Amino acid sequence: MNDKVVVGQVISAHGLQGQFKIKSFTTDPDDLFKYNQLFIDEMYDGIFLKKVRSLKEYFIVSCSEIDSRNKVDDILNKNILINRSQLPDIDDKYYFNDLIGLSVISNEEIIGPVISVNNFGSSDLIEVTTLSNDKKYFIPFSDDTIEKVDQKKKIIYLKNISQYLE
Amino acid sequence: MARSIWKGPFVDSHLLKKAKASAEAGRNDVIKTWSRRSTILPEFVGLSFAVHNGKRFIPVNVSEDMVGHKFGEFSPTRTFHGHTADKKTKK
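Going line by line, the protein sequences match chains A and B.
Taking the numbering used here, the leading residue of the first sequence gets 1, the next gets one more, and so forth.
Taking the numbering used here, the leading residue of the second sequence gets 167, the next gets one more, and so forth.
Since the hints were derived computationally from the structure, they do not count as laboratory data.
In this text the structure is predicted, and so the values were computed from the model without any measurement.
For each residue, glycine too, the CB sits at the ideal point set by N, CA and C.
Some hints could be false.
Stated by the list, open to error - Each pair of labels, with its calculated beta carbon distance range:
no., chain 1, residue 1, chain 2, residue 2, range
1, B, R244, A, S162, 25 to 31 Å
2, B, K173, A, D31, 41 to 47 Å
3, B, E209, A, G46, 52 to 58 Å
To be verified - According to the in silico footprint, chain A covers these stretches of chain B (three or more CB under 8 Å from chain A):
no., region
4, 191-197
5, 216-224
6, 227-236
Unchecked claim - Partial selection, computed: residues in chain A whose CB lies under 7 Å from chain B:
no., residue
7, Y94
8, P113
9, S142
10, D143
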């Protein structure tokens, strides 16, 4: 499980007073402002972003620690992160971020690690790299294919997946 | 220009044949297809397809909302590396 989760990115400076434009990666873009302990890469810890206004999928924000254009120039294109512990606990669901890196096992045989989780419009898919031949496969994350997710052991047990590995 | 209604939705005959055979057999086999241009018909709901994107097969489980769309819409041909942020999934 990763300690930090990327929730946004600094896009550009806005004006001379230290305001800047950001892009939110959260499911509901406004959710980014629910978190009050944000990080901007290694440069700023525990900051709070104040929304000035929204611009389509972007936001103009200000922050007490960043009060000049020069300071904004230093953080351009940097990621905005939160601690994983700040995400609310959820039952019966899994954060995409928590599944990445888990080992996949089918029929007591290790297939390989999960490298990404995607949704292309039909269902959620985990992308697995096989250890044997380094090929990448997509497997649906559904009751038909997932037997158990053991987050403590960092293992996903799969079933009936032979058709997806051809 | 939109397709004429009298023609009905386009589906490759070989895909339709495979889907009908799978539905009649009652098995939930994954139907591999290269036919990205085929329209998703109501008969396909509940079936599993693997749609080729030029490089590999992307699993597509057909649901009611997908009827009328083309298979290719659910199998992107370009790589997109987005951020997962707070996205959640349920099995």
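The hints, checked one at a time:
1. B/R244 to A/S162: 25 to 31 Å: At 28 Å between Cβs, range holds.
2. B/K173 to A/D31: 41 to 47 Å: At 45 Å between Cβs, range holds.
3. B/E209 to A/G46: 52 to 58 Å: The hint (52 to 58 Å, Cβ to Cβ) holds, given that B/E209 and A/G46 are roughly 56 Å apart.
4. 191-197: holds (count 3)
5. 216-224: holds (count 4)
6. 227-236: Since 4 is at least three, the answer is holds.
7. Y94: holds (6 Å)
8. P113: Because about 15 Å separates A/P113 from the closest Cβ in chain B, which is outside the 7 Å limit, the hint is violated.
9. S142: At about 6 Å, which falls below the 7 Å cut-off, the nearest Cβ of chain B leaves the hint on A/S142 intact, so it holds.
10. D143: holds (6 Å)
The structure does not agree with numbered hint 8 stated previously, though it agrees with all others.
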